[in-house]
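**Student:** Residues per chain are reported as follows:
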Amino acid sequence: MSAQPRLVEVRQKVLKRNDVLARELRERFRAAEVAVVSLVSSPGSGKTAILEKTLSLLRPKTRVAALVGDLATDNDAVRLARSMAPVRQITTGTICHLDAEMVTKALEGWNLDELDLLFIENVGNLVCPSSYDLGENFRVVLMSVTEGEDKPLKYPTIFNTADLALITKSDLADAVEFDWDAAKRNINAVRPGMEILGVSSKTGEGMPVWLERCLRVRV
Amino acid sequence: MHELSIALSIIEGVEQELARRSTDSVAVVHLRLGPLSGVVKEALLFSYELACEGSSLAGSRLEIEDIPVLIYCPLCDKEQPALSMQNLRCSACGTPSGDVRKGSELEVFALELNNECATQTG
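Sequence lines, in order, name chains A and B.
Numbering-wise, this note's numbering puts 104 at position 104 of the first sequence, and it's gapless, one number per residue.
Numbering-wise, this note's numbering puts 1048 at position 48 of the second sequence, and it's gapless, one number per residue.
Hints are supplied without guarantee of correctness; some may be wrong.
Claimed, not checked - In silico lysine-lysine, DSS-like type, Cα no more than 27 Å apart, as pairs: (1) LYS1102(B) - LYS1078(B); (2) LYS1078(B) - LYS53(A); (3) LYS154(A) - LYS1102(B); (4) LYS1041(B) - LYS61(A).
As the list claims (entries may be wrong) - Listed next, with one range per pair, are the computed distances between beta-carbon atoms: (5) ALA1092(B) - ASP116(A): 54 to 60 Å; (6) ALA175(A) - CYS1076(B): 42 to 48 Å; (7) ASP116(A) - GLY1059(B): 49 to 55 Å; (8) GLN1016(B) - VAL217(A): 51 to 57 Å.
Keep in mind that the hints were calculated from the coordinates and are not lab data.
Where a beta carbon is used, it is the ideal one built from N, C-alpha and C, also for glycine.
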């Protein structure tokens, strides 16, 4: 009996199942004309605070909604619900990122035709979410001024797979002597030409430009 | 561990491929892996071994081909290796470019099947 192995060519992207589901989501969003923005960051960068403010300010004129992912608790959904926008919590248990299947399940029962803009707040994690397409149109990576200017260099993949870098907690920049130029340089090093905005959900600084950018996201 | 779920996905995909070919014996799974995929090679190799246990791929090996990060350099007008993942600049002329052409691969590109019988032809 010959032990000669037979080599067969295949061409199979791993995460294929997620890609297929993400593509289906993207199609559904396009058909319903819902723009979808996802937010990724380390835990504690201020995703929920920014999102709560964003939902509250956009809600009167725009039909907004949000999905928020956490390993445990529905604390974030409760906070976001104060905006009066429809919000659902995805509790992942031990899984450190959202995937397209979780998003698909979470949308059950929602009529997407009744929405203009959907935000998806990922689990606080700068590593794993980069590999999982959620069907979004626009991915925002958040980093706060307290996290250090070299954050992008430490996590190049997540910055590379995002469309906009949102620097949060700008009201604390002076207190931590945040070097905006260094941060911008580092963001540009890992993703040349990336859009960069700064905000403070506390003072409202930068919010008008951020909101206007959200409204410009195309399906 | 994140790489464990990726390993399980690899095995699931390979099993589907094997079912299509009516064969079930794989010696080696060849995978292209780029650094921008977000997957760590060592963790994936370790997870693959674990993930194989109890599956029809038990005993098979994962062989990973590292793919470099290539960007399109507008000055050189061709694909060039980037200086590094932290520095997406052309390694030839230093021009920054966000146009990443290679480096985020995570794909199975070949399988080495075990031949059961000497008369089987490839």
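**Student:** The structure should be examined with respect to each hint, and the outcome stated for every one.
**Tutor:** Checked hints:
With a CA separation close to 13 Å, the supplied pair LYS1102(B) and LYS1078(B) stays within the 27 Å bound. Proximity of LYS1078(B) to LYS53(A) is assessed by CA-CA distance (about 44 Å); at most 27 Å being required, the pair is judged violated. As the CA atoms of LYS154(A) and LYS1102(B) are separated by approximately 20 Å, the hinted pair is consistent with the 27 Å bound. For a cut-off of 27 Å, the pair hint linking LYS1041(B) to LYS61(A) is broken: about 47 Å separates their Cα positions.
About 46 Å separates the C-beta atoms of ALA1092(B) and ASP116(A), a value inconsistent with the hinted range of 54 to 60 Å. At about 44 Å, the CB distance of ALA175(A) to CYS1076(B) agrees with the hint of 42 to 48 Å. Remark: the range hint 49 to 55 Å for ASP116(A) to GLY1059(B) is upheld by a beta-carbon distance near 53 Å. At roughly 35 Å, the beta carbons of GLN1016(B) and VAL217(A) sit outside the given window of 51 to 57 Å.
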